[in-house]
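There are 2 protein chains.
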Amino acid sequence: MNETHDPRRISWVESAQGTTDFPIQNLPFGVFRSDGRGDPRVGIAIGDQIVDVSACAHLGRLGESAATAAAVCDLPVLNHLMELGREHWSALRREVSLLLTADSPAFRADSRLGEKILVPKSEAELLLPVRVGDYTDFYASVHHATNVGSMFRPDNPLLPNYKWLPIGYHGRASSIVPSGTPVRRPQGQLKDPNSDAPVFAPTRGLDYEMEVGCFVGGGNALGNSVPIEAAEERMFGLCLVNDWSARDIQTWEYQPLGPFLAKNFATTVSPWVVTLEALEPFRIPAFERASGDPAPLPHLDSRANRERGGVDVTVEVSLCTAGMRDAGLPEQRVSRGRMADLYWTLAQMFAHHTSNGCNFQPGDLFATGTISGPGKDARGCLLELTWRGAEPLTLPTGETRKFLEDGDEVIMRGYCERPGTARIGFGECRGVVLPA
Amino acid sequence: MNETHDPRRISWVESAQGTTDFPIQNLPFGVFRSDGRGDPRVGIAIGDQIVDVSACAHLGRLGESAATAAAVCDLPVLNHLMELGREHWSALRREVSLLLTADSPAFRADSRLGEKILVPKSEAELLLPVRVGDYTDFYASVHHATNVGSMFRPDNPLLPNYKWLPIGYHGRASSIVPSGTPVRRPQGQLKDPNSDAPVFAPTRGLDYEMEVGCFVGGGNALGNSVPIEAAEERMFGLCLVNDWSARDIQTWEYQPLGPFLAKNFATTVSPWVVTLEALEPFRIPAFERASGDPAPLPHLDSRANRERGGVDVTVEVSLCTAGMRDAGLPEQRVSRGRMADLYWTLAQMFAHHTSNGCNFQPGDLFATGTISGPGKDARGCLLELTWRGAEPLTLPTGETRKFLEDGDEVIMRGYCERPGTARIGFGECRGVVLPA
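Here the protein sequences line up with chains G and H, keeping their order. Quick note on the working numbering: the first sequence kicks off at 1 and runs consecutively. Quick note on the working numbering: the second sequence kicks off at 1 and runs consecutively.
Hints in this document: simulated from the structure, not taken from any laboratory. A few of these clues could be false.
[To be verified] Each computed DSS-like pair below joins lysine-lysine, with the alpha-carbon atoms no more than 25 angstroms apart:
1) Lys191(H) <-> Lys163(G)
2) Lys191(G) <-> Lys402(G)
3) Lys163(H) <-> Lys191(G)
4) Lys191(H) <-> Lys163(H)
5) Lys402(H) <-> Lys163(H)
6) Lys402(G) <-> Lys376(G)
[Stated by the list, open to error] If we take Cβ atoms under 8 angstroms as the criterion, some of the chain G residues that face chain H in the derived model are:
7) Asn156
8) Leu159
9) Tyr169
10) Arg172
11) Ser174
12) Gly223
13) Pro227
14) Ile249
15) Leu261
16) Phe265
17) Ser355
18) Gly357
19) Thr421
Source: prediction; values computed, not measured. Beta carbons are placed, not taken as given, at the ideal position from N, Cα and C, and that holds for glycine.
Whole structure, please, built from the sequences with the hints as guidance.
Encoded structure:
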């Protein structure tokens with residue numbers, strides 16, 4: 001186990017010591033712009049501060065591998081850091097961890113170190129951390145697939161391929177936006193089942209989908225598969241993803257080639273990328289298949305995947321309507337799910353994705369699909385939570401929701417916690433709905 | 001009508017005067033690397049020569065708008081030229097046309113002009129012309145959709161949405177390759193209908209799809225739709241696309257979210273982008289809908305689209321097997337189709353794609369889907385041509401084909417011809433199948 005997880009390690013950054021998503025054991029990467037101070041560049045979150053990695057490099061205390069990594073951190077995306085490979089990004093995170101430790105020689109030698117390398121988050125804007133080349137969305141929650149399938153195909157909710165391969169489809173990279181970007185309600189063709197013809201109108205079925213995304217760090221050449229054993233080495237880290245969806249557009253358009261305009265109007269990602277290394281203490285066995293479920297084919301199976309292929313991330317969705325804001329009410333949590341409930345692991349998705357020779361490039365993103373669990377409170381989208389509108393949610397103002405209304409804000413959070421380890425979090429993935 | 005189409009215009013480049021895809025009326029853009037001479041850069045095809053656009057700029061004869069365009073032509077992709085907008089790329093093409101005209105003042109003043117600005121195609125490598133951000137594939141041929149649908153759903157070949165909206169899905173941008181790149185036979189999960197379980201094996205249903213692609217020149221901001229009237233202004237030009245497909249992988253994986261690994265292992269594009277301006281003389285009315293077909297909804301309809309939304313491009317597919325090459329036999333044409341048979345126009349696809357606010361960026365690519373016509377000889381993929389293998393093709397060697405075998409080369413061509421105009425062509429889009 002990597003020493004960066006040591007729960008006894010404490011940072012001299014005070015806000016990293018108490019309740020925070022970003023203790024010294026996390027150190028996720030992002031891209032920020034500080035108010036009026038320089039161009040967008042790479043940062044690492046620590047408590048309520050951002051480590052300016054380029055500024056760290058100027059201290060002259062980084063080893064060669066970390067210094068090489070820091071040298072591409074004055075750029076406005078993480079892609080260049082990713083391209084360098086795990087050795088470099090890992091060395092950089094390890095040395096920044098040492099620099100931030102309470103007994104760091106650099107801090108003992110210079111009590112003004114914080115002024116040199118930290119930027120308060122309150123004085124910075126967090127940007128899209130990665131230039132995403134291609135974006136893929138999976139469908140890895142068997143609970144989600146079964147719930148949605150049973151609404152549309154009551155006799156046959158789960159299709160025969162589901163337990164044999166991680167179903168996925170290509171999404172739109174251009175419309176990926178960072179947390180905080182408002183999302184305009186899309187228009188599209190909607191067809192009432194009782195009508196002969198569709199109409200073009202603003203969606204009446206706007207939904208979120210609570211997902212986790214994985215940024216690819218190291219790619220593969222076209223034509224070369226990546227074996228499941230080698231997949232995790234190529235993963236940089238995880239973020240939260242809101243795969244906004246328009247259910248009525250989707251229902252009308254999706255056959256036979258899958259979702260298109262129902263999804264590609266916006267996908268929101270959280271700004272901090274939590275590295276796979278930071279998640280090491282939270283690795284768990286892959287989903288336990290029921291008796292009767294098929295064993296994965298060999299290219300989707302490995303001992304390491306069975307034993308530690310899962311990641312125990314808890315994800316939560318909250319809503320805050322305009323009415324709630326006007327009444328001074330706090331957001332209301334509407335679901336809490338777990339990545340542990342996913343039928344397929346990240347390594348299985350990665351191996352499947354490249355099994356035909358398809359190439360990943362540094363900065364590509366793939367997401368899990370909606371994370372839903374067996375219980376009603378673990379359903380990761382409104383389609384499931386309200387059972388297609390049949391069971392509306394009631395909010396503290398007395399308002400009800402079948403789907404999202406204008407002014408609603410969706411707030412997603414994720415975290416890992418386990419006795420004997422430091423809790424780490426993903427920060428927030430937010431978006432408010434604007435009228436069409 | 002633009003003067004660059006004038007069929008009387010003749011170039012001093014001799015190879016542009018006879019039978020060629022690239023007379024002076026065409027002037028498509030591409031990216032080339034000349035043997036041992038400098039970095040990849042933008043070129044324009046003329047006969048068997050390539051105009052080195054940067055070299056033209058050095059002559060000092062370009063006007064301001066064209067010079068601005070030429071200034072970004074020492075770069076290895078067309079994206080920067082596209083970003084400048086139609087005014088600039090159009091001015092550049094117009095001035096290069098003048099420079100290449102037989103009575104060009106520049107040529108009359110300098111008989112060695114050719115040595116300064118031309119590179120023989122035989123001494124150059126043609127590269128992928130564009131860094132494709134996102135790639136979308138449509139399904140715009142009603143003949144293709146009906147043929148394929150009738151194989152999989154005999155009672156219900158065409159789904160109810162088909163005539164209301166241009167069905168499309170997102171493809172993979174990373175695996176787009178230029179003509180001439182060999183394509184490795186993909187492996188994947190295949191399930192025999194008589195078997196309980198799938199196997200992981202090389203595809204036995206490798207196919208091509210003959211398509212035309214459209215490169216987006218001018219994009220739109222996320223959240224802003226582009227009305228159909230404004231769509232063509234944002235299109236840079238067209239190329240040929242081979243959307244390689246693995247039919248057995250597709251059959252097993254595609255429900256419910258559409259094609260994924262069956263398509264994303266490779267997509268081949270032709271190297272020359274034929275501008276919409278060069279295609280002006282070949283514009284035709286949009287597809288004439290049958291009585292009983294619905295009228296397009298208003299956002300997919302315009303007078304200009306009805307009158308001139310179509311493009312009369314003929315597309316041909318030829319095969320050459322290893323056996324044919326060994327026997328010294330020429331390639332064999334297996335189909336000839338027409339873009340005129342597409343149910344949806346490019347402008348309708350563009351308007352639909354942005355109707356929900358989805359953003360296009362300069363360099364994005366969308367393709368038509370397989371171009372098939374009403375006749376058997378106009379079927380643009382083997383799935384249709386051999387009717388899922390039931391009617392194999394017989395080749396001059398006596399070999400038969402249900403799907404592609406290793407060593408088979410697929411050659412696609414496209415051209416426009418019409419009395420009173422100069423014929424223009426698209427060049428070739430080639431790829432040979434390598435063993436898994």
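Tested hints:
no., hint, verdict
1, Lys191(H) <-> Lys163(G), "holds (13 angstroms)"
2, Lys191(G) <-> Lys402(G), "holds (18 angstroms)"
3, Lys163(H) <-> Lys191(G), "holds (13 angstroms)"
4, Lys191(H) <-> Lys163(H), "violated (32 angstroms)"
5, Lys402(H) <-> Lys163(H), "violated (30 angstroms)"
6, Lys402(G) <-> Lys376(G), "holds (15 angstroms)"
7, Asn156, "violated (10 angstroms)"
8, Leu159, "holds (5 angstroms)"
9, Tyr169, "holds (4 angstroms)"
10, Arg172, "holds (6 angstroms)"
11, Ser174, "holds (5 angstroms)"
12, Gly223, "holds (4 angstroms)"
13, Pro227, "violated (12 angstroms)"
14, Ile249, "holds (7 angstroms)"
15, Leu261, "holds (4 angstroms)"
16, Phe265, "holds (5 angstroms)"
17, Ser355, "holds (6 angstroms)"
18, Gly357, "holds (5 angstroms)"
19, Thr421, "violated (36 angstroms)"
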